[in-house]
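Chain residues, written in single-letter form:
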Amino acid sequence: MPPFTDAGSNPHGVCHDREGGPEPPGDLAARAQVGGDTFGKLLAGNARIRGPRPAMRFKDNGIWASWTWAEVYAEARGLAAGLQKLGLKRGDKIAIVGGNRPKLYWSIMAAQILGAIPVPVYADAIADELAYVLDNAEVTFAAVQDQEQVDKLISVADRVPRLQTILYDFDRGLKDYDHGELHHIDTVIAAGKAALGEPGAAAALDGEIAAGKGEDVSIILYTSGTTGRSKGVMLSAAGCINAATDTVTFDKLNDTDSVLAYLPLAWVGDHYLNYAQAMVAGFCVACPESAETAQADLKEIGPTFYFAPPRVFENLLTRVMIRMEDAGRLKRGMFHHFIGVAKQWGEKILNGESVPLAAKLSYGLGDLLVYGPLKNALGFSNIRVAYTAGEAIGPELFSFYRSLGLNLKQLYGQTEAFLYVTAQPDGQIRADTVGPATPNVDIRIDPASGEVLYKSPGQFIGYYKEPEKTAETMTPDGYVKTGDAGFFDATGHLRIIDRAKDVGKLKDGALFAPKYIENKLKFYPNIKEAVAFGQDQDFVTVFINIDPIAVGNWAERNNVSYGGYQELAGLPQVYDIIGAHVDETNRTLAAEPMMAGGQIKRFLILHKELDADDGELTRTQKVRRGFIAERYQPLVDALYSGKTEQHIATEVTFEDGRKGTIAATVAIRDARTYPAVVVANATGAMGKAA
Amino acid sequence: MSTALPGETLLAVENVSLRFGGVRAISDVSFDVVKGEIRAIIGPNGAGKTSMLNCINGFYHPQEGAITFKGVKRPKVKPHEAAVGGIARTFQNVALFKGMTTLDNIMVGRTLKMHRSFFWHLFRNGPAMTEEIEHRRKVEQIIDFLEIEHIRKTPVGKLPYGLQKRVELGRALAMEPDLLLLDEPMAGMNLEEKEDMCRFILDVNNTYGTTIALIEHDMGVVMDLSDRVVVLEYGRKIADGTPDAVKKDQTVIDAYLGVAH
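If you read the sequences in order, they're chains E and G.
Under numbering that gives the first Met the number 0, the first sequence has 176 at position 177, and the numbering climbs by one with no breaks.
Under numbering that gives the first Met the number 0, the second sequence has 22 at position 23, and the numbering climbs by one with no breaks.
No wet-lab data here; the hints were simulated from the structure.
Fair warning: this is a prediction, and the values are worked out from it, not measured in the lab.
Treat the hints with care, as some may be off.
[As the list claims (entries may be wrong)] Now the stretches of chain G that chain E is said to cover, found in silico as 3 or more residues with beta-carbon under 8 Å:
#	region
1	78-90
2	121-128
3	140-147
[Stated by the list, open to error] Simulated restraints, written as ranges between beta carbons of each label pair:
#	chain 1	residue 1	chain 2	residue 2	range
4	E	Tyr-673	G	Tyr-160	31 to 39 Å
5	E	Gly-179	G	Tyr-160	38 to 46 Å
6	G	Tyr-160	E	Ala-628	55 to 63 Å
7	E	Gly-50	G	Gly-219	39 to 47 Å
8	G	Gly-219	E	Gly-179	46 to 54 Å
9	E	Asn-557	G	Glu-133	47 to 55 Å
10	E	Gln-163	G	Gly-219	33 to 41 Å
11	E	Asn-557	G	Tyr-207	47 to 55 Å
12	G	Thr-8	E	Gly-614	49 to 57 Å
13	E	Gly-363	G	Leu-121	40 to 48 Å
14	E	His-183	G	Gly-219	31 to 39 Å
15	E	Ala-326	G	Pro-74	38 to 46 Å
A virtual CB, placed ideally from N, CA and C, is assigned to each residue, including glycine.
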């Protein structure tokens, strides 16, 4: 994860601990963070001190429904009591499979109230992956979204013998199923609420909440499996809460904030940003109507805190640009003029630097005519803090959003740390770093391998049932190995180069950092994905996936006809475009002393889009380089044998699970390389890396 | 799949013949549709399937024979009368209002259920507003049911074909029909869209208990989906029965695969 962007701003943080909003002063007590070392206790605390404030929203049948903290607590208690009646006990595991729906969040809360352990699983996981995780985690219960997930669970039932009871949220198509061990979440909640009415039942449930301890396992989050089988990361309740408390304070979040929970439920980011932070700060979490409507829902909700991986920002920008190409001349001219103004002055204004009055006026007019409406259309109008992480973000992309006045920052983290390891504080935002360590996080760089090691409050307890893997990941003195190579630059910010094990050498000893090269290529809107090869080879080569939207739009504007992705990818004109991008990439690589040896000699455009269903990407859309190299071995060989084209047939998996074959003859091109540019004092900060 | 076959007959077609001048589109066809079932009408091109649907919903009037709907032998009805009576349909070629949004298109399906006068609706106030809110709620349930939330406000002309078909189904469902006629609901769809559509048809039948009569070319779909199948060829009925029975019927095999002469 290398280059990122820049400067800082803090238009809001006037007072230290909490934001001054339009609330009456009497309500200030409600701004306090509630104490407690388990989520059950936090939920009870939130219901007590900010009972009537909104906790959750969900767009159902076209209307935003809201639940207050008191209501959410009541529902979660009902569900907990219902689950208890069905047999869920302290220490049992309950799988959560589905999208961001309130009732699935309540299932997580209910499990944590009882001291049971929720195990969220990616909703788009195929049955095979699902069976592995469920069996590995020894789940006995599952709370799922709908028939699709119920069917999946039933199809793998024989491989998950411990699973007894399934709860579902959405009943369409499930009427005729055997309801012996299958329950609608609503009926479970109703039964639980009825049971809580009995004398002593409510007090017994309070007892369960009180019995929870901070060091207990609060949740098991499975890693996305970038490297082999996914592992269950056990996180403790107190660890989660301490970590979230640190960042809530760091970004000055409080209960007037709001987020849209659209990230996958099973990903640490959702559990951290939308669940743990909401519980600690008491803010409102809105659930989109469906995954497809998230963009429209974002606009309606107008959240104040936002997280998106770089590719979301990239897609948004691509879409905006394409729509502007199709706009009328006046609008297009206005857009380009004011985006130019923003590029020149926007970031300086956001950083509070002094700029000429004319620039301020021009920017103000731009805000009125372009930036404001654009941010509104994207749902960014109210955003106070926005983060991006997970992949490198292009410097141009990063400054585009910042120049519009969006306080976009970068963080670096991982599941094992319960997300945050570093984050950029307001005012210290740079393109190419991920910021200094977050409060209470201790980072060390392994002197031998350059690997980033850390100790953090949210640090995991261990991998579930895999003590030897846990031991491998830890240093003897208790630091966690990230597996990423990086270094601190002169300003004390961390810079990540690549996965430590991926940073290799070419035959001539030149440094080969595949991801660094891939990211440079991916900054071009026309390139969606790139895979670099070169370990122990004479030179670097790449596979390229074109972006069908951007390139398709180019084709449309230039009257180039094509029948599908494969044909588009093979067009000589497209090769020319991509070739120019590769050429430019080589030129920038040549300017960096450490990377100059890793210029791209040959490239090809892959005939199919890389897909997680074929195992080429992880569920979080990261390329699995080793697997791809094996799968497309003939193409890799051809890149190094000097051929100009190569035939390849690949098996693919369609969305319905059927298999088919795609065959194509892929052209291979040479790229121009440049002599390394010797820059007088470029060695300083870069010298220590790798 | 429902097995309530010995149920009440919803629609009976008796000895129907339809001619266009000298061309005989349908000759002496009889079959029935039982409440709650999914009934398929299949046959090679030009077998008279769509003509049959057109007779049922009152677009064509057969010269001979009778159609009994809900126990009443029907005189000549017009399509809108059939609609009031509880028959909704979709078309082989999508027939939506292309410039209107998904929401508005489905709302059109509620027109027959609106009771306030045109003038009340002009002012969009008082009882008309109450009524509109109620209808909107119904429409939103259908949008939710068909999973088309993300295109709620998109003009249907901009949508891909598979989604347009789904919107059309939504509009027919908005009428809360007793009998739903689907004319090739799967035509021109890719496999995934077909599977989705199958799911929705089964779910409509399962959730709302709607009786469905459908025309379809894709044999796999028909055999999986329907409770009973009637086979037409050159305007005549050549088979009628469960999918399994029809599949084994020699005349049907001949009609589809041709016979050596």
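Here is what the structure says about each hint:
no.: 1; hint: 78-90; verdict: violated (count 0)
no.: 2; hint: 121-128; verdict: violated (count 0)
no.: 3; hint: 140-147; verdict: holds (count 5)
no.: 4; hint: E/Tyr-673 / G/Tyr-160: 31 to 39 Å; verdict: 49 Å, violated
no.: 5; hint: E/Gly-179 / G/Tyr-160: 38 to 46 Å; verdict: 41 Å, holds
no.: 6; hint: G/Tyr-160 / E/Ala-628: 55 to 63 Å; verdict: 39 Å, violated
no.: 7; hint: E/Gly-50 / G/Gly-219: 39 to 47 Å; verdict: 56 Å, violated
no.: 8; hint: G/Gly-219 / E/Gly-179: 46 to 54 Å; verdict: 32 Å, violated
no.: 9; hint: E/Asn-557 / G/Glu-133: 47 to 55 Å; verdict: 51 Å, holds
no.: 10; hint: E/Gln-163 / G/Gly-219: 33 to 41 Å; verdict: 35 Å, holds
no.: 11; hint: E/Asn-557 / G/Tyr-207: 47 to 55 Å; verdict: 49 Å, holds
no.: 12; hint: G/Thr-8 / E/Gly-614: 49 to 57 Å; verdict: 53 Å, holds
no.: 13; hint: E/Gly-363 / G/Leu-121: 40 to 48 Å; verdict: 44 Å, holds
no.: 14; hint: E/His-183 / G/Gly-219: 31 to 39 Å; verdict: 32 Å, holds
no.: 15; hint: E/Ala-326 / G/Pro-74: 38 to 46 Å; verdict: 57 Å, violated
Checked against the numbered hints above, the structure breaks hints 1, 2, 4, 6, 7, 8 and 15 and satisfies the rest.
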